[in-house]
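Asks: Now for the letters of each chain:
4 protein chains.
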Amino acid sequence: MKKKETIVGTIDREVLAFTAGRDVILDRVLVEADCIGTAAHVRTLAGMALPAPILAGDEARAVIRELVGIVKLARRGKFRITERDQDVHLAVERRLTERLGDLGKKVHTGRSRNDQVAVDLRLYAKEAVLGIFEACAALTEELTRFGRRHARVPMVGRTHLQPAMPTSVGVWATAHAESLLDDLVILRAAYDINDRCPLGSAAGYGVPLPLDRRLTADLLGFRDPIHNVTYASNARGKCEAAVLNALAQLMLTLSRLAEDLILYSMPEFGYFRLPAELCTGSSIMPQKKNPDVLELVRAKAARVLADASAVSGIIKALAGGYNRDLQETKEPFLAGLETTRASLAIMAQLVASLGLDRDALRRGFTPPVFATDRALELVAAGMPFRDAYNHVREHLEELDAADPAEAVKAKTHLGASAGLDFGYFRGRTGAVKRFVKAERSRYYARVSKLLGVRYPAVEAAE
Amino acid sequence: MKKKETIVGTIDREVLAFTAGRDVILDRVLVEADCIGTAAHVRTLAGMALPAPILAGDEARAVIRELVGIVKLARRGKFRITERDQDVHLAVERRLTERLGDLGKKVHTGRSRNDQVAVDLRLYAKEAVLGIFEACAALTEELTRFGRRHARVPMVGRTHLQPAMPTSVGVWATAHAESLLDDLVILRAAYDINDRCPLGSAAGYGVPLPLDRRLTADLLGFRDPIHNVTYASNARGKCEAAVLNALAQLMLTLSRLAEDLILYSMPEFGYFRLPAELCTGSSIMPQKKNPDVLELVRAKAARVLADASAVSGIIKALAGGYNRDLQETKEPFLAGLETTRASLAIMAQLVASLGLDRDALRRGFTPPVFATDRALELVAAGMPFRDAYNHVREHLEELDAADPAEAVKAKTHLGASAGLDFGYFRGRTGAVKRFVKAERSRYYARVSKLLGVRYPAVEAAE
Amino acid sequence: MKKKETIVGTIDREVLAFTAGRDVILDRVLVEADCIGTAAHVRTLAGMALPAPILAGDEARAVIRELVGIVKLARRGKFRITERDQDVHLAVERRLTERLGDLGKKVHTGRSRNDQVAVDLRLYAKEAVLGIFEACAALTEELTRFGRRHARVPMVGRTHLQPAMPTSVGVWATAHAESLLDDLVILRAAYDINDRCPLGSAAGYGVPLPLDRRLTADLLGFRDPIHNVTYASNARGKCEAAVLNALAQLMLTLSRLAEDLILYSMPEFGYFRLPAELCTGSSIMPQKKNPDVLELVRAKAARVLADASAVSGIIKALAGGYNRDLQETKEPFLAGLETTRASLAIMAQLVASLGLDRDALRRGFTPPVFATDRALELVAAGMPFRDAYNHVREHLEELDAADPAEAVKAKTHLGASAGLDFGYFRGRTGAVKRFVKAERSRYYARVSKLLGVRYPAVEAAE
Amino acid sequence: MKKKETIVGTIDREVLAFTAGRDVILDRVLVEADCIGTAAHVRTLAGMALPAPILAGDEARAVIRELVGIVKLARRGKFRITERDQDVHLAVERRLTERLGDLGKKVHTGRSRNDQVAVDLRLYAKEAVLGIFEACAALTEELTRFGRRHARVPMVGRTHLQPAMPTSVGVWATAHAESLLDDLVILRAAYDINDRCPLGSAAGYGVPLPLDRRLTADLLGFRDPIHNVTYASNARGKCEAAVLNALAQLMLTLSRLAEDLILYSMPEFGYFRLPAELCTGSSIMPQKKNPDVLELVRAKAARVLADASAVSGIIKALAGGYNRDLQETKEPFLAGLETTRASLAIMAQLVASLGLDRDALRRGFTPPVFATDRALELVAAGMPFRDAYNHVREHLEELDAADPAEAVKAKTHLGASAGLDFGYFRGRTGAVKRFVKAERSRYYARVSKLLGVRYPAVEAAE
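In order, the protein sequences belong to chains A, B, C and D.
If you read the first sequence in my numbering, its first letter stands for residue 16, the second for the next number, and so on.
If you read the second sequence in my numbering, its first letter stands for residue 16, the second for the next number, and so on.
If you read the third sequence in my numbering, its first letter stands for residue 16, the second for the next number, and so on.
If you read the fourth sequence in my numbering, its first letter stands for residue 16, the second for the next number, and so on.
Next up, chain A with everything else stripped away, as it sits in the complex (with noise of 0.2 angstroms):
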């Protein structure tokens, strides 16, 4: 450690804020996950079979009582990274230095700052990527409690927004939950690729020790270890990229949601009504009622496509092995999923207290809507199409006496107003969060047993 001192000694301010950039704030999401990639690679250290250990059995336990000290400590806002520190690495190491004197500094044997942050990042995701599976759940299941609420609820369908044919409020909903079971589907992918374990890659080429890379990855429930270690390097940056897609998609969902209550809550419309503590007024205008978390909410969209875009245009071309590039990826990464779980968990909020004006929707019922159906309804009942779509456009004025309610009653088949199946987006809702569940006991259950305490608890085990 002494080295470093001497040379961030040597580096003036500029260059030091410059590439210590903003990690001494942003490590601190991160001192958790050190501590526990520490806690394994120092069992895997322990457990190697060398003709004298690098570290005894008791001195790994000694070790880990130390990190799990650093896990409470920094639950109670206690652990700080300095700027001599430059990161949550150094101060982890520095730590048990302080407390363990030589036995801290054989820590990092076999190990390198590039595969230490990147085992850091791939905890911490995977833990905030379950925490937006969860969020998510609870939007699709609000979602499909307001359709199955309003399940018949007349409304008029648009495209191009013109009024085009009804619709239901159901229909409308549920559209939504199912864009976003279908945006886990690319998560989930994403999850799996973070769920690989890169420790014992080192700077990105092994080591000449016989480090047991299964047995870390199992220690902290990875699914599997990167098998290469040039690839475990190369995939920093590469993993952010694949989950910060995904939530961009997710993020981009919740722009068209939002776009439809802002449209439809305008008094021009009124079928929505938004829960006014989700609203905002104006300090010169008194009358006013502002939908700003939507308007966020879609802004926020843009900004987790400019984080996933930042991400990739940094790995464009970067030529292999660990680059210092990486470094920036690391803002944009913990940005995007901290705005898409706030932004999931607010509409999920919103949708649960959203009201609805039946009178408002059913007076955007216009006689053309039923054009398309009744056009059908003869063809149903044996005229050729293009006889009844003349029919109809030369009758338009005859519509009027249309009831939406029969229109939506009217659309039977799979999907439609008369033929949701509310018990589909249940189910794909529950396997979310039976998947959140699993996964998350299953981590929890090795990291407890990694760190000899209950976790997350962080208590004593029995």
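Calculated directly from the structure, the hints in this document are not laboratory data.
Please note that the accuracy of each hint is not assured.
[As the list claims (entries may be wrong)] DEER-style ranges, computed between Cβ atoms:
# : chain 1 : residue 1 : chain 2 : residue 2 : range
1 : B       : R238      : C       : R408      : 55 to 61 angstroms
2 : C       : R164      : B       : R91       : 55 to 61 angstroms
3 : C       : L230      : D       : H410      : 31 to 37 angstroms
[Stated by the list, open to error] Straight-line distance between alpha carbons at most 30 angstroms, and here's what the computed DSBU-like set of lysine-lysine pairs gives:
# : chain 1 : residue 1 : chain 2 : residue 2
4 : D       : K93       : A       : K93
5 : B       : K120      : C       : K120
6 : D       : K464      : D       : K93
7 : B       : K93       : C       : K452
8 : C       : K424      : A       : K304
Note that this is a predicted model, so its numbers are computed, not measured.
The beta carbon of each residue, even a glycine, is placed where N, CA and C say it ideally should be.
Given chain A, put chains B, C and D in place with the hints provided.
Replies: Coordinates of chains B, C and D only, in the frame set by chain A:
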């Protein structure tokens, strides 16, 4: 159709050019998909339980025969989409009407161009994405083969592009292979999202006809129908974005492989020899042998990223229901698919003939490259890491005699230079190839049954 | 050339297709620029002070006569770029050699395809950008005219899309006009960057010949030569990015104008009536009148943003000197120019026939819209703002009788509903038109002199 | 304000956190601009010709004195923006009201937070952009100095990264300088767009008060007011995009300079020696000297591109009038400004201490590098180009003895190795510096007069 002609007649040239855009050209690749999708729709219409069937069974068969005829015409380059047709859908409908009269006019019953173009693109994308899986497997195979052939040839591993530690050509090559295989995890999720049938959703609100949407999906070999009819419409663009994001990840991996090859085939390194037939000369400099293919692949990564970004930008905050904006997703989607396929194919060809200069690779080894290995050897023999580290740093001159081949042998753990499991790469590649084969034969079997001819040959079924 | 043929002969089809890419098609629009650039190069060669002139004066004239012939051929659609030519440069050189023998072979002396394509693109872009200035001026003119015609027609001003305060159609229309005029400030800077001549830089390192690069620049009507020869090469892509970013800003403005028009022509508002010839119907819904053109403009904004992003992505971190990556900037560059021009043109056409419904606009006024104005009237009469604000809020019901026309008249300060200076908009638009005219006539005068024919007519000079 | 507190009180934590976002932190840098903008608004209010003036002259002076006090507090780090304030605007207003009672409550008359934040950002950006001009001029100065110092040191010019033709370090260095100077042409346009005053537009629709918007603009040193009040509102985000696009161009140039330096300081080339204080070591590899700063600059180019892309994505197709989406443009805007400034500053520092190894540069010259020069020498002596070309190609071995220094001398035309005009670069750099100085002193003079203290010192005016 007549009315369509009149409408087109009243639109002035600039407007027509602006709205029809490049569809007349782009849609050429969709003819086959449009015919197949139409065949399934016709079969579904014929199968509806209605007092007066819209289409009799033999009528459906007659239509399908004509559709097969169109496929054959198209393959001979004889099926034209005219400016007046505007797009493939109207071109096919025009042909059916010319040949079958009133029967042709019934085909569009219960269908809108919205769900028609959506199903066309999904059928097209299914085959295109399978082709990309295949091309990618070919490349991972070549990389694995190259890596295995030169498994233990020493190569300088770099971080920050500076010489860092000993590694091997085997590690270098399979790092890129593993990256591609991970990219396919995302592509598989995109494939699954694409593998659902939007037909029957019509303009996004269904129709008052008892269409059996599960049957349609089944006839076309889709895993499922999209459930919600409005989501079937909203999913346009979104499905494209999912695929393009996955392709962009593949292209990013290729851009990094290309970068490595461009660098290490410079005369100052000379590690790799690019196959002459994949290089180009200069009209002004006779000595030049330029890695144009690699440079183009590198640049095309930015192109595919931009294709993905165009589609995401289009659908961001787009109100629900069909909007004409979606037409603009077609060109980047088709472009991204073709660019990625072609890039993978040419990279496989390049790696297959890639040469290597062992002497040049060995010249890259300077003593400091062995520093870390040496320190860790001392650690393995019992010396504390920090002491070993300092010892080596103070005796860098003693490292001179180190043998790269020994260094390569010394890293025995998983995924390092002496710990590569080539079977792992072959296994994952094999799984990809089996997936492609199974999906294709399932799809072709369905289409063959639907069209009544052997597909893709389009020959009389036995 | 022979060797070129042989080289091409040995490249297999996929490689040729991959490297030549779409140049054979894209380059069609560059024929004229290539001929003009070549003419200037030939004149410069002929003017060099050398013991043995490379090209005699009459030889240069002979070459230029052939170049004029190629321009004429191209305008009749008779000049072909074959697959074997690969690009416009070799196609022109081939033609010259076919017609002039050895003289044709001298033309490329002291030039590389690098500076040749760079100058072609700059000449092409100069005219294209001037066309965009012109199309933009036409649109700001129409917006100003529309704004003036309906200057004091009351319209509800919105924030957060919610009704906020009274405004006028005049303010609405000229807001978009001023936005476009500001966009042209950026486009002008991009035009200036483009307006410098790269010729004479050859492959990016100059040549050991006394080329008079200022003369070349002057012959072509460029403001200046690019000074540094390597920058002349590095500027490729960069100049394109500058132009595309400016175009993207224009498209963003158009996307917002389009959004306003799509919204406020929905039947629920009915403020604007889109010209029928710019709307399209539906094949399934007879009642539909869809704002396709506006939707496409909205989407094309995302396309041009992606074009810009592709180019920036390509040149990011690209090592200096020509790299083949740059070829991939050509397609997005040409696409962005054409998309923007066409979008501006069709929007001008649309605004020129845009209808307006005064009653519908007036119906949008609900009492709360007047709240702020009323409060400020009280303030103007002496009441403290906060008291006035509270007073109005507690008496919202008294606002009923407010007259929108009066509210429009009451805002007299600069740029508000009664403070618009239409002369301001006409003045800025006029300046743009004069700029286009002056630049064009300067350019055409130079080219006419260079080619010895009246340009752009390409008729014999008097 | 009270109501605001209540509103805030009823919003739950997640909603408040979501809507106020990071403004509480981000707005710290806007305190000064907010005070200056408010001072101008107050002066304008006091100057209005109304029967009962809203603010008397001495009241305006009292407010301005308090604003100066806030500026001083902020500079000592003592002015806090609390969560309850939400943003800088309410924090300043709260302070004024605390100190001045009712007078503080009048300040917001005729103003909305919409035009307030817009003017704050433009004032902040004006200074930030001038700082970037200055930092950029410092870098072009260093590059020109470096280029001049090593003007004729031979260096291999490359195309496709392959050795191509002789060039010089002078050409290499000034190529990057000229690129930066061109980037400033775009930045200047963005500066001009930013240099217009939105104040007085209130919520985007003006107010029924006779505000003298030209006076306000003049007090703040803006070139002009924005004319149309709605455009003043719509311009938010757009102005940011213009600036960020210009910054992205600068960053792209830096990324390419960084790439060149990373490559050519690899030991295999060794052309350049990076200053030790700008490199970092490795905790695991004692021999490492890594170009971290350059790698970070390279990556930060992608970050700033993403900042620009976020803003463009947010405003794409945004309906007119203020939308809360715009709040999300603040963070990428501030980030892009700071990233670019810091990157330019550190690159200037790096180039100022950049070392060079003439021998290593000379080792790069292999005979084929002289091929083209030799052919053109023959051409200059009278041989037809094609013959010369073939002759050289067949006698490549004769090129051995060529002297790089002679090759450098032989290229005498404008911008080549012996034709560089360093005065050109000094001249353009000097113009930039004069521009910065003039703009700053004009701005500071206005602010000094407005605040009644010497600015930026904020000391009592003499």
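Asks: Next step is simple, just say for each hint if it's right about the structure.
Replies: Status of the hints after comparison with the structure:
Checked against the hint of 55 to 61 angstroms, the pair R238/B and R408/C passes, with Cβ atoms roughly 58 angstroms apart. Distance hint for R164/C and R91/B: a CB-CB separation of about 57 angstroms, consistent with the stated range 55 to 61 angstroms. Distance hint check for L230/C and H410/D: the Cβ-Cβ separation is about 33 angstroms, which falls inside the suggested range of 31 to 37 angstroms. For the hint linking K93/D to K93/A, the alpha-carbon distance of about 25 angstroms falls within 30 angstroms, and the restraint holds.
Restraint check: the Cα-Cα separation between K120/B and K120/C comes to about 61 angstroms, which exceeds 30 angstroms; the hinted pair is violated. Proximity of K464/D to K93/D is assessed by CA-CA distance (about 25 angstroms); at most 30 angstroms being required, the pair is judged to hold. Between K93/B and K452/C the CA atoms are separated by roughly 47 angstroms; this puts the pair beyond 30 angstroms, and the hint is violated. Among the hinted pairs, K424/C with K304/A is consistent with the structure: their alpha-carbon atoms are about 27 angstroms apart, no more than 30 angstroms.
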